[in-house]
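Chemist: Protein chains in written order, with the working numbering: chain A, 1 to 216; chain B, 217 to 432.
Hints in this document: simulated from the structure, not taken from any laboratory.
Ideal Cβ placement from N, Cα and C applies to all residues, glycine included.
Among these hints, one or two may not hold up.
To be verified - Okay, the calculated bits of chain B under chain A, using three or more residues with CB under 8 Å as the criterion:
no., region
1, 238-247
2, 305-313
3, 331-344
4, 353-367
5, 406-417
Protein chains: 2
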Amino acid sequence: MVEGRKSVNELFHSDWDITKIIATNPELLDNPHSDLLDIVSESDYKKVSQFDTPAGILAVTGIPKPLDLSLKKGLNLFLDGISDPGNLGTIIRVADWYGLDQIFLSPDCVDFYNSKCISGTMGSFLRVIPIIKDLEKLTPEANEVFGSLLNGESLYNSSIDNSKKSLLVIGSESHGIREENLQHITRKITIPRIGKAESLNAGIATAIIIDRLINA
Amino acid sequence: MVEGRKSVNELFHSDWDITKIIATNPELLDNPHSDLLDIVSESDYKKVSQFDTPAGILAVTGIPKPLDLSLKKGLNLFLDGISDPGNLGTIIRVADWYGLDQIFLSPDCVDFYNSKCISGTMGSFLRVIPIIKDLEKLTPEANEVFGSLLNGESLYNSSIDNSKKSLLVIGSESHGIREENLQHITRKITIPRIGKAESLNAGIATAIIIDRLINA
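Assemble the whole structure, with the sequences as input and the hints as a guide.
Modeler: Now the structure itself:
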């Protein structure tokens, strides 16, 4: 289920297999005359909405078949146990901004198609393919494996080589990168801290690191 | 009202004027014998919690008197109409990470002391002072005013001079920097986009820009 005006309209123009669109006002959809669209009352809409402040438009859609893709040249991203759907949505949007069109997720990450996650991507879920995989299946083909940790070398001295396959591992909000995955990290990196906050959230840390690694 | 184990314990060790702490389990507070602490049942706790998934500990505290501080040397941050408490909380945490100890807010920003905002700061609200002010009151003392816009020069060519007073203006999630404030911007900057996402959220954009301006 995809909720929100921007996301539903992006979905509407994609080649995804949409079953139904429900809205409180036909003008919320780019084509108000679509056969897919049903208009409902605000009170009926609230019954199916996942949000406290309903957006007034949602779509029900099929999900593309899961793909089994592997690493590309340049930067690849692996999320280890990300459990907050808002963080995952933000990270997908960031990946899309920086031109990553796929993202690897450990099997225990929150569901990519959770409606809060989808909504947080602001449409980027249509362009970033989720691939669920264990880290150890990916690392043999990686030239280097960066890991975001608190005790690594400065991010500002790190960069990627676009002719090689680099993998960036981001750990969960509360547990970081899991113990058994640490052995696969070949370069521990850290965002240097000036002030006193204990940590940054996973979405923020991912954005800063990708920005620096890609544009060093 | 401050909710969540980490935030309440940071508050507990600060010099803020705490009225009362309520928890479902005394072990959630660093000093379970504190006179401030009342233990309540989980069902009673849920009645006062602001969250769907209650943290089990909250504190009621006085708020420090608003201060009227002005720009410091180095980077200063002004938020123009930020309305999402989660974004504001994230930005306060980022400001704290990069050593900013004050933050300027337009009068129509969401309340700094909104409980979702406070919770999102993960304790950083104790170290970052909010100052509510119109932008035009600040710009006369700024040596340069950076504005995050979609049509500016590349962020990667921008840096600040720590001997001068620089001000970074971040606009709201939906409207950007408001029309009447644009005239005060002396340097329009943009995070270069590689992929297709239309925008980044305000918290993410703020983090990437601060990281680059401070550590150029």
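Chemist: Does each hint hold? Answer for all of them.
Modeler: Comparing the hints with the structure gives:
no. : hint    : in the structure
1   : 238-247 : violated (count 0)
2   : 305-313 : holds (count 6)
3   : 331-344 : holds (count 4)
4   : 353-367 : violated (count 0)
5   : 406-417 : holds (count 11)
When the structure is compared with the earlier hints, violations turn up for hints 1, 4 and for no others.
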